[in-house]
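Visitor: With chain A fixed as given, assemble chain B onto it according to the hints.
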Amino acid sequence: MSATTDPFVVAGTVLSSRLLLGTGGLPHVSLLGPVLDAARPGLVTVSVRRASSLSDGSLLGALRAAGVRLLPNTAGCLSAREAVLTAELAREALGTDWVKLEVIGDERSLLPDVVELLEAAEQLVRRGFTVLPYTTDDPVVARRLADAGCAAVMPLGSPIGSGLGVLNPHAIEAVRAAVDVPVVLDAGVGTASDAALAMELGCEAVLAATAVTRADDPVAMARALRLAVEAGRSARGAGRIPRRAVARASSPMSGRIA
Amino acid sequence: MITLNGEPVAAIGSVADLLGRRLGDPAPSGVAVALNGEVLPRAQWPATPLADGDVVEVVTAVQGG
Numbered sequence: 001m002s003a004t005t006d007p008f009v010v011a012g013t014v015l016s017s018r019l020l021l022g023t024g025g026l027p028h029v030s031l032l033g034p035v036l037d038a039a040r041p042g043l044v045t046v047s048v049r050r051a052s053s054l055s056d057g058s059l060l061g062a063l064r065a066a067g068v069r070l071l072p073n074t075a076g077c078l079s080a081r082e083a084v085l086t087a088e089l090a091r092e093a094l095g096t097d098w099v100k101l102e103v104i105g106d107e108r109s110l111l112p113d114v115v116e117l118l119e120a121a122e123q124l125v126r127r128g129f130t131v132l133p134y135t136t137d138d139p140v141v142a143r144r145l146a147d148a149g150c151a152a153v154m155p156l157g158s159p160i161g162s163g164l165g166v167l168n169p170h171a172i173e174a175v176r177a178a179v180d181v182p183v184v185l186d187a188g189v190g191t192a193s194d195a196a197l198a199m200e201l202g203c204e205a206v207l208a209a210t211a212v213t214r215a216d217d218p219v220a221m222a223r224a225l226r227l228a229v230e231a232g233r234s235a236r237g238a239g240r241i242p243r244r245a246v247a248r249a250s251s252p253m254s255g256r257i258a
Numbered sequence: 001m002i003t004l005n006g007e008p009v010a011a012i013g014s015v016a017d018l019l020g021r022r023l024g025d026p027a028p029s030g031v032a033v034a035l036n037g038e039v040l041p042r043a044q045w046p047a048t049p050l051a052d053g054d055v056v057e058v059v060t061a062v063q064g065g
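Sequence lines, in order, name chains A and B.
Following our numbering, the numbering of the first sequence begins with 1 at its first residue and continues without gaps.
Following our numbering, the numbering of the second sequence begins with 1 at its first residue and continues without gaps.
One chain only, chain B, in its complex shape:
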């Protein structure tokens, strides 16, 4: 299992696969990913496999001051 945005999720495939399953797009624009506390550049999403214990944050822009 991995932790995705604070929730436990099965560790299957790559980061891009995860985005495809969760957001319906493996390369969504306006989105950034942190893997274990470090930004994972967009170009590395397809080739980065998920491993048990990974902590993944997926963020986007929202209204804010």
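So that you can see chain A by itself, here it is in the shape it has in the complex:
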């Protein structure tokens, strides 16, 4: 399967890859180009922060030179009010109405505050944004977000930056079953097998940041995650065998020598 035979579509837009990449945590912006070449991501997230100088322009310059589609986030926002203003500023600064909506409950767990999240999602949809919310692995919340008009839902596999992978695969499957919009596993990916598992569970895409940017070799991990996402998607489509408690021979038992 490929991007042409198995396109990843969000809000009517075909994205070039099912791997979405966060840029947070890269030790140096000079690694960005090689990482993007290796990951070939469908979307690349950035944050919006106070500008003290225009030195950060090199980031936007590198992203624009690479021709990637930007997905600004509202990381660090603790209320719907902050998240909506941050999204509005991102739209003005970057010229995109797509937003990765994050409203966290506290700065220690970084877990979503789903009450504020739903409120922010409703406001942003009304204001014309294409909203991709970072949320819990709760299928009821996912359905509420989809009903509010979100273009995708992005449940966490485990806490942001933890690298613990998909802690509750049954919950991710339940989210997949609960909504008709794309499901993007966001947060918790630590290595390639985590991304492959998410895809095998039925997620349409995976978003990874720390797994790549804080790997010993970010470029090699970017490539590994790209391949893992492709492999997991193919395996999902292939239909895995059911799990059995006992062995089942693959070689014929008849015709054996005495």
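Simulated from the structure, these hints should not be mistaken for laboratory data.
Glycine is no exception: its CB is placed at the ideal position from the N, C-alpha and C atoms.
Any given hint could turn out to be false.
Stated by the list, open to error - Quick list of the computed label-pair ranges, beta carbon to beta carbon:
#, chain 1, residue 1, chain 2, residue 2, range
1, B, Pro8, A, Thr13, 40 to 46 Å
2, A, Gly67, B, Pro26, 25 to 31 Å
3, B, Asn36, A, Arg69, 30 to 36 Å
4, A, His28, B, Met1, 33 to 39 Å
5, A, Pro27, B, Gly13, 37 to 43 Å
Guide: Same frame as chain A, but now just chain B:
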């Protein structure tokens, strides 16, 4: 005085003048401005004067997940 990104700054001229002084460019790309909690569209920067007590946020894109 106004508050620019949390710091007190003299209220002189327009929003574009402020950006020129602080960032070296009165119309920098990849930058957005909020004035008193609302986005101030780029086209309005030159004609929007700063007034005592204004709260101005100037933001840009940085690395983030």
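Visitor: If a hint holds in the structure, say so; if it doesn't, say that too.
Guide: Taking the hints in turn, this is what the structure says about them:
1. Pro8(B) x Thr13(A): 40 to 46 Å: 43 Å, holds
2. Gly67(A) x Pro26(B): 25 to 31 Å: Since the Cβ atoms of Gly67(A) and Pro26(B) sit about 28 Å apart, the hinted range of 25 to 31 Å holds.
3. Asn36(B) x Arg69(A): 30 to 36 Å: 32 Å, holds
4. His28(A) x Met1(B): 33 to 39 Å: 37 Å, holds
5. Pro27(A) x Gly13(B): 37 to 43 Å: 39 Å, holds
Violated hints: none; the structure is consistent with every hint.
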